[in-house]
Amino acid sequence: MSERSEQHGAAGDSSGEAGRTGERSASSGGEGRIDPLRVVAVSAGLGTPSSTRLLADRLAAATREHLTEGGRPAEVTVVELRDLATDIAGAMVTGFPGARLRPAIEAVTGADGLIAVTPIFSASYSGLFKSFFDVIDNTALAGRPVLIAATGGTARHSLALEHALRPLFTYLRAITVPTAVYAAPEDWSSGGDGTGDLAARIGRAAGELAALMGDRPSGPPPEGAVVPFAEQLAALRPE
Amino acid sequence: MQFGIFTVGDVTPDPTTGRTPSEHERITAMVTIARKAEEVGLDVFATGEHHNPPFVPSSPTTMLGYIAACTERLILSTATTLITTNDPVKIAEDFAMLQHLAGGRVDLMLGRGNTGPVYPWFGQDIRQGIPLAVENYALLHRLWREDVVDWKGRFRTPLQGFTSTPRPLDGVPPFVWHGSIRSPEIAEQAAYYGDGFFANNIFWPKEHFQRLISLYRERYAHYGHGTPEQAIVGLGGQVFMRKNSQDAVREFRPYFDNAPVYGHGPSLEEFTAETPLTVGSPQQVIDKTLTFREHFGDYQRQLFLIDHAGLPLKTVLEQLDLLGEEVVPVLREEFAARRPAGVPDAPTHASLLAARGTETPAEAAS
Numbered sequence: 001m002s003e004r005s006e007q008h009g010a011a012g013d014s015s016g017e018a019g020r021t022g023e024r025s026a027s028s029g030g031e032g033r034i035d036p037l038r039v040v041a042v043s044a045g046l047g048t049p050s051s052t053r054l055l056a057d058r059l060a061a062a063t064r065e066h067l068t069e070g071g072r073p074a075e076v077t078v079v080e081l082r083d084l085a086t087d088i089a090g091a092m093v094t095g096f097p098g099a100r101l102r103p104a105i106e107a108v109t110g111a112d113g114l115i116a117v118t119p120i121f122s123a124s125y126s127g128l129f130k131s132f133f134d135v136i137d138n139t140a141l142a143g144r145p146v147l148i149a150a151t152g153g154t155a156r157h158s159l160a161l162e163h164a165l166r167p168l169f170t171y172l173r174a175i176t177v178p179t180a181v182y183a184a185p186e187d188w189s190s191g192g193d194g195t196g197d198l199a200a201r202i203g204r205a206a207g208e209l210a211a212l213m214g215d216r217p218s219g220p221p222p223e224g225a226v227v228p229f230a231e232q233l234a235a236l237r238p239e
Numbered sequence: 001m002q003f004g005i006f007t008v009g010d011v012t013p014d015p016t017t018g019r020t021p022s023e024h025e026r027i028t029a030m031v032t033i034a035r036k037a038e039e040v041g042l043d044v045f046a047t048g049e050h051h052n053p054p055f056v057p058s059s060p061t062t063m064l065g066y067i068a069a070c071t072e073r074l075i076l077s078t079a080t081t082l083i084t085t086n087d088p089v090k091i092a093e094d095f096a097m098l099q100h101l102a103g104g105r106v107d108l109m110l111g112r113g114n115t116g117p118v119y120p121w122f123g124q125d126i127r128q129g130i131p132l133a134v135e136n137y138a139l140l141h142r143l144w145r146e147d148v149v150d151w152k153g154r155f156r157t158p159l160q161g162f163t164s165t166p167r168p169l170d171g172v173p174p175f176v177w178h179g180s181i182r183s184p185e186i187a188e189q190a191a192y193y194g195d196g197f198f199a200n201n202i203f204w205p206k207e208h209f210q211r212l213i214s215l216y217r218e219r220y221a222h223y224g225h226g227t228p229e230q231a232i233v234g235l236g237g238q239v240f241m242r243k244n245s246q247d248a249v250r251e252f253r254p255y256f257d258n259a260p261v262y263g264h265g266p267s268l269e270e271f272t273a274e275t276p277l278t279v280g281s282p283q284q285v286i287d288k289t290l291t292f293r294e295h296f297g298d299y300q301r302q303l304f305l306i307d308h309a310g311l312p313l314k315t316v317l318e319q320l321d322l323l324g325e326e327v328v329p330v331l332r333e334e335f336a337a338r339r340p341a342g343v344p345d346a347p348t349h350a351s352l353l354a355a356r357g358t359e360t361p362a363e364a365a366s
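Chains as they are written, first to last, in the numbering used here: chain A, 1 to 239; chain B, 1 to 366.
Looking at chain A on its own, in the form it has when it is part of the complex (with noise of 0.2 Å):
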């Protein structure tokens, strides 16, 4: 791979502004600088290599083409679970994310678009990749736009993607890509000149990333909005 990528795990955090809502200009008016759209990948590929995150960088470098062709500059970051396990599992105990899981998840908060890839184990998503959607707050991916992807031994698992990981973005709210990707063993070997149907799948889902990622209001909502008490009150008055 030769995109220029970010990588959080139990490397320290280069993401102070990760979780931060910027005021982004999506004009192309000439005198206000573009900031990045932030592409995230997610990859629970637990080999090293290994073809989850394999997969995962191919998405992310094909998505950030699209953004750059049609003038949106963006930036990748990788979280890779596999370095995080232990915290993922602590997080799940103490019910709050530690030091080295905060800066990943602020990532994946903080993203303009994610890409979510995991391996299929026993028919499903792996459970680290179930573990670290289960710590992020169920509200935090709303109307953000997600490419789902998987890996899998054998190309009869591929509707997992639909079965298993497409409700569950569903119940975050998140909004998926029509096309997901599965990359079984033999469409590694297929297509090494880019042409064949992985490298062709990579390209659509991620044009319908990139896309979603366009057209999309920069940033989440602005977090800490509290209701005045007295609407609380108010809300409760008897009719």
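Think of the hints as simulated: they come from the structure by calculation, not from any bench.
Think about it this way: if two alpha-carbon atoms lie no more than 20 Å apart in a straight line, the pair counts; the simulated DMTMM-like pairs of lysine to aspartate or glutamate are:
1) B:K288 with B:E274
2) B:K206 with A:D137
3) B:K152 with A:E231
Got chain A sorted already, so can you dock chain B onto it with the hints?
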């Protein structure tokens, strides 16, 4: 600045011996711990309220009434009193009665409770947690301030011409803290009434509570109760001490590793780095507690959790000796030296009684 302890009242096997105390042993141990807290010079004892095993304190005012009779100076409080599933009328009556028996040495901390089944057991619904807290407290607030109350709400049968008895001691309602771990709505509620806000920060990293507490301080000022710095803040803490920090770590580790709530999760080292838990020497506890002030501003009440996870009574009493002899006297001096003029102490019955003559309430909160 007030220092004290708060207890969950869990009955947990001692992981080093496998022995589980009986409920009776645990309840009498809690009383012994409260009496010891007064003996070593602490200011506050607060008990939790739970309605499911392995917890014993289902009836806090009964326990606190007994402790009131065994003590002279200790302020008796709760952590927390369930404002969602208790009838606010009964809270008004129970705590006013306790006030009279304890000579005013009473305040309370309200919380919603996070155990799902407790709500239906008491005829409520956990999804209505915040509205219950809002409505029930609005009624409780009136019951202590108005002699005759006509009231109608969503969650409780209406009241016509109701007088909650006994009336609060000297006409001064007990001071109320609102406890919260995650909800900005509760910080807002505390700010609206000018009540205290207790952030039980013992399980989570400080950044989360910095947001909640600064929201409370800002809204406290917004509602005209004073400056943000004058808002009344309480914090939790969790400590285990020995003269030698290595001894403390060695002795506490099995209790930590098997503790309810966070056991079998992060390591002791990770947890102490991320949360207020301090396992070490008294000096380490002093140093860590002083950082709370830097993170959250000058505050009024510090409660330590020292008696959970199956720790034997003898060990807990040793912790109280260390708190009373080596930690709290230093903390009192250090906090006092750092505190700017104008930051108030936590309200007590005496201070509220004295203030009543000199002020009119900033607003009629009803």
